Amino acid sequence: MLIDTSTIGLVEVEEGTKVLPPNLIITSIDKVVNWSRLSSIWPVTFGLACCAIEMMAAGAAHYDFDRFGIIFRGSPRQSDCVIIAGTVTKKMAPVVRRVFDQIPEPRYVVAMGSCACSGGIFRTYNTVQGCDTFLPVDVFVPGCPPRPETLMEGMILLQEKMRKEQARWSMWR
Amino acid sequence: MIVEVNMKFPYMKMDPLAIAERIKEKFPLEVVDVVSFRDQVSVIIKKEKIVEICRFLHDDPVLDFDHLRDLCGVDYLGKKEPRFEVIYHLYSVRHRHMIRLNAQVSESDPKIDSVTSLWAGVNWHERECFDMFGIKFKGHPDLRRILLPEDWEGYPLRKDYPLKGPEKEWSGFAEVLEKAKKYREFDWEG
Amino acid sequence: MEKVEKILETRELNVNMGPQHPATHGVLRLVLEIDGETIVNVTPYVGYLHRGIEKLGESLTYFQGLPLTDRLDYVSAMSNNIGYVVAVERLFGIDPPERAKFIRTIVGELSRISNHLLWLATHALDIGAMTVFLYCFREREWILDLFEMICGARLTVTYPRVGGVRNDVSQEFLDSLYKFTEEFPTRIPEYETLIDKNRIWLKRTVGIGVISAEEAINWGLTGPTLRGSGVQYDIRKHTPYDAYDKVEFEVPIGTNCDTYDRYRCRMHELRQSNRILKQCLEKLPPGPVMADTPKFTLPPKDFILKDMEHLIHQFILITKGPTVPEGEIYVATEVPKGELGFYFVSDGTGKPYRMRIRAPSFVHASVLSRLCVGHLVADVIANIGTIDIVLGECDR
Ligand code: SF4
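Residue numbers (my numbering), protein chains in the order written: chain B, 1 to 173; chain H, 174 to 363; chain V, 364 to 759.
In isolation and in its complexed conformation, chain B is listed as follows (with noise of 0.2 Å):
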């Protein structure tokens, strides 16, 4: 059966949804995977150096991630986003390599500081010079280190790609 939508009181809130007071929403598929996963990043406790320690300020009682749905999990297979905080070693590098390889798909990597980014101060023998020489980085966050309002605004624009995702659902590989 067709429903006629001009007749009955289909409210649009915004670009693709349909409310249909009280509690029948028309929307995308698309959309609602997103909105529930970007609501809820898990990212793996995975503290390199320096940065993991405003990682960890961000996620204490001042700043707050937990607002955000962003709840540190001990286990890679049980969360879907891994922070890259602080400097890559090469001894590390196969490490970080694995970590990520544990995270079920979808994942996304956050590069947090200027060493994740890039090296930073630290151009020597035993440092990878950004960690996007081996893994797909979504985000960059810069700083030495990164304030906790940082990483915050990095995660927002982490959301807002997630948001524009199309059919990440589906069988896509």
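Quick caveat, the hints were computed from the structure, so don't treat them as lab data. Please note that the accuracy of each hint is not assured.
[Unchecked claim] Here are the simulated EDC-like pairs of lysine to aspartate or glutamate, each with C-alpha atoms no more than 16 Å apart in a straight line: (1) H:355 <-> B:132; (2) H:352 <-> B:101; (3) H:253 <-> V:710; (4) H:332 <-> V:421; (5) H:354 <-> B:101; (6) H:252 <-> V:689.
Since the model is a prediction, treat every value here as computed from it, not as a measurement.
We have chain B; now place chains H and V with the ligand onto it with these hints.
Using the frame of chain B, we list chains H and V with the ligand on its own:
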């Protein structure tokens, strides 16, 4: 449970030059030179009797160097002969005096006896010195690289090692790069 | 019966812990050899954060090397800076003015408090007390705000300079610091009520990781980790630097040499640090904050902007570095974790010929193989916590 006391137990602080004199008295053939700079004294010694000298400093009740602050290497490439020096910073927690021993190690025979039998904490310092300078410590229980991966080539803190590392990438990291390249086609492209 | 025994042979199990593990405080990796639940052997693996700071320091001038020290022990960056500048000052043979010394003592003790708070937070979190974590971070944020007030950065501060400090502190900062020193002693009992007599806390810390005084010295332990074993070794008392010989404080020591005593030591140190802060506030003398030694210290910024001579002078100092007397020097300072030593070999140029960092965490990490043996697997976490290591400093 906590006892709070002011630090007022008696101690006998010795002048570092006097300590150097004592070492010289005891091992006249081993001491090459005594250098004093800003109230600190380095005793430059030959490496052969390093364990004996350290044992003497450790066990002598007047000297009583019970705390090895630090052990490290220095590379004097082209500046001094022999090329390397292994530096021991000794401190006595009881008597509060300090001395520095510089043991000369040549490039052709980069080996020195380990002092792990005297101070347990020196274990990792010696491993690090081996890692960074390639100086081998004879009698060390577990002499492996510590900071760098096992199969790393070269000794970074030597003066002829480039700061940015050699041309050839460490095999472990090259593998990761290879793997990342291979998996890139599976990445989500939006 | 015999047959069964033959089939059911027992052997030790190897378990890998880390480098990605929430309770290893960074990127420490341990390989545990366990027999059932009991630990037979522990092999720590470090170096996952080896950034080559010692090598990098050789290619930078004495002034440029300062920011590297923030990244060593990033939990108490201020103390590291102080350690570095004190060592370089000794090498140059200059003496900072009184006011700078007092300001350095203030920021050093603030950073000690913030370090111990973070230590308590993570240590308690690992053992299972979540609330302490949130409480400690509340006060830590306060201290970081104070740091921000004087230098604009929260973590990597780079505030002390060779020959003094970067800029004078404002009255506003002193007021807030005064408020902090009044308020902070009332916060310490808050943490203590949470865990001091907590049955789980006691079960997991008393009698764990016991190391006797002689053995602790022999292993090279320093700082509160050593003082928990009852050794009065504090560099602030032994060879005073900055203003530590002008303030009164006590050095708390433990008697039982275990994890619980080390925890009590650190709690007492919080109180003593607060006491030092108060005295510094009272005694803070007026005057300049930078030594007037044109050969070694940078001219004040106002002058650089106004006249040519100072500009050229600064340019030369920055690009070439100062002309330093030849020699070698080892200077140790008491950072929250223990003894931080800098060993410089100078060859007369503006760059150190060799810069060696004696990091307390490096030595402390090595003692893990001694502390854990014979305990249960769960106690490994308590032992990692009690020695208070930071891997940035351990690996350099
Ligand atoms: S960006 Fe700066 S703060 Fe972050 S890990 Fe690198 S050096 Fe440390």
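List of violated hint numbers, smallest to largest: Nothing - there is no hint that the structure violates, so all of them hold.
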